[in-house]
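Enquirer: The whole structure should be built from the sequences, with the hints applied where relevant.
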Amino acid sequence: MANNTKPIRIALTKGRLEKTTIELFEKIGYNCDEVKNKGRRLILPVGDNQFEVVLAKAADVITYVEHGVCDLGVVGKDTILENGSSFYELLDLGFGKCRFALATKKDFDFYSGYNTKTIATKYPNVTRAFFDEKNMDVRIIKIEGSVELAPLVGLSDGIVDIVETGSTLKANGLEVIEWVTDISARLIANTASLKLRKYEIEELQKKLEAVTQ
Amino acid sequence: MKNNLKLTPEGTKDFLFAECSAMDFICSKIEKVFVTGGFKRVITPALEFYDLFSLSCSGITQESMFKTSDNKGRLLVARPDSTLPIARMVSTRLKNSIMPVRLYYKQAVYRNNPTLTGRRNEFLQMGIELLGAKGKRADLEILTTAVKSISSVSDDFRIELGHAEVFNALSQQLDIDDNYKEKIRISIESKNYSALNNLLDKLAPCKAVSAIRSLPSLFGGEGVFEKAAQICKGTNAEAALEYLHNIYIELAPLNLGDKLIIDLGLVQRNDYYTGIVFTGYISGIGDAVISGGRYDELLSEFDAPMGAAGFAIDTDAITIKHLSDDNISYSDNPDVLVFANDGHEIEAIRYVDELNNSGVKAQFSVLSTLEETRNFAAERGIAQVKVVG
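As you go down the protein sequences, you meet chains R and C in turn. Residues in the first sequence are numbered from 59 upward in steps of one, following my numbering. Residues in the second sequence are numbered from 255 upward in steps of one, following my numbering.
Read the hints as simulated data drawn from the structure, not as lab findings. Predicted model, so just to flag it, every value in this text is computed and none were measured. Do not rely on the hints blindly, as some may be mistaken.
Covered by chain C, per the in silico footprint, the following chain R stretches (three or more residues, Cβ under 8 Å) [said to hold, decoys possible]: (1) 102 to 115; (2) 142 to 151; (3) 246 to 256.
Glycine included, every Cβ here is placed at the ideal spot set by N, Cα and C.
Expert: Spelled out as structure tokens, the structure:
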């Protein structure tokens, strides 16, 4: 078929996820030299021109895959939960593990009293869904930088944020009062691509599954 | 106040020249398939009562509709879909017709998509509905019409076929509420294996649970049926599977090969569809361009129970793809521009008609001087200027 000569295009989230994914590709036996010596290029061949890697910011990986300009993507579950829309989530790659948590100042009784609580977060949609599930009205304020600051200066009662080790929270006198959800890197696919290039994508998926599990 | 005088709302656009020609070209190809198949065109209003689309089975969310109100304060929406209005129409205006009826539509639908995602909020859809008929023959008529429609505009396509009753029958065997069922459905629809496993791990293990676990991976060629038959043995899904297999075998003479895929994970709008469901994809378009199936329960909502099936084609998306193909050009230039000296205008206009009738694309110059006409022709790249009188 005509389109099968085109490489499968994979969007990778720049940074740590990109490096681990490339390590996986090498484990499978794909040549990734071009990606490792990328310079300033943003589209790079991988393997025997079978694949093409695009480097993008996390939320953009979803956008590229959703619009079908990239066939596959590797992106964190945090970004999927916050920006997610219509695509296939094929595989939990098992790396980039961390968790979303609700945290407050140490010894603060978050659920007491009648007043509506205020939450500062970089992830307003995740926060909204979490409290919707509890049928709880909260005021959500979007913060771009260090969210930990918000309860300390009195902007919010708590924060919803990604927690890896918890050391940043601890250093600022905050503690986790509830885990929201687990996060790890996921392999996602454009809905049309999975149908049109089923065999190639399934083959890659199986190989990745074998080296991650 | 900021003035939006010169803007179009997000997700809408003006269509100019070649875009219109390309759209007409695509639509006429599909229209020919519909008309040849005996389908008759209907047009429904762009505005409908909100109540029509708020039916719980509609599968259309409240936030995806553009709303306004009429002068009695009743809620109206810009139609987000054409099938529900047609069901309303058939249950009233065509109630006493000789069934079945074959209808087709070619009209825009409106969706209020999340901002800044580059999605179209207004787009043209064409589709057919076959109402008042059930069973294998009606399903084959719909499916073959879908295949003919998509192959009239592309060689490189896929049709995937599933059956709504496979998931519905399996999930009925589980002791879960509608909310939980919906979560399971969404994780199958998005082929989200890890979320699906998490949901199913919380249920008591049984045959239906393990069958549902496999649904998203049950897609491909005829081999799927063999796998599915084993997995679903002894569950309520067996009848639907057998029916689907039968349909698949019946379609064999079309020689679709790889172009026909079975996908038992096809569970979109599952409260709405009751039998076969299918979607179509064209290489180079990142979303489904055809979506349809059988919806035998819908007409009962209008107190006119009858079998019904149909599909919609996103002709807008196909047009955009068509325009991006390299070898497509729609020139809107005439070959000849005709200028009339004073007093010879009507004579010149008649001459233009003559040229057009003989197959030469000609246009009458409305500019006041020959010099202006020559300059205009040169700028626009029109080869020839003729003078009358």
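Enquirer: Now, for every hint given, state plainly whether the structure supports it.
Expert: Now the hints, each set against the structure:
no. : hint       : in the structure
1   : 102 to 115 : violated (count 0)
2   : 142 to 151 : holds (count 8)
3   : 246 to 256 : holds (count 9)
When held up to the earlier numbered hints, the structure conflicts with hint 1 and nothing else.
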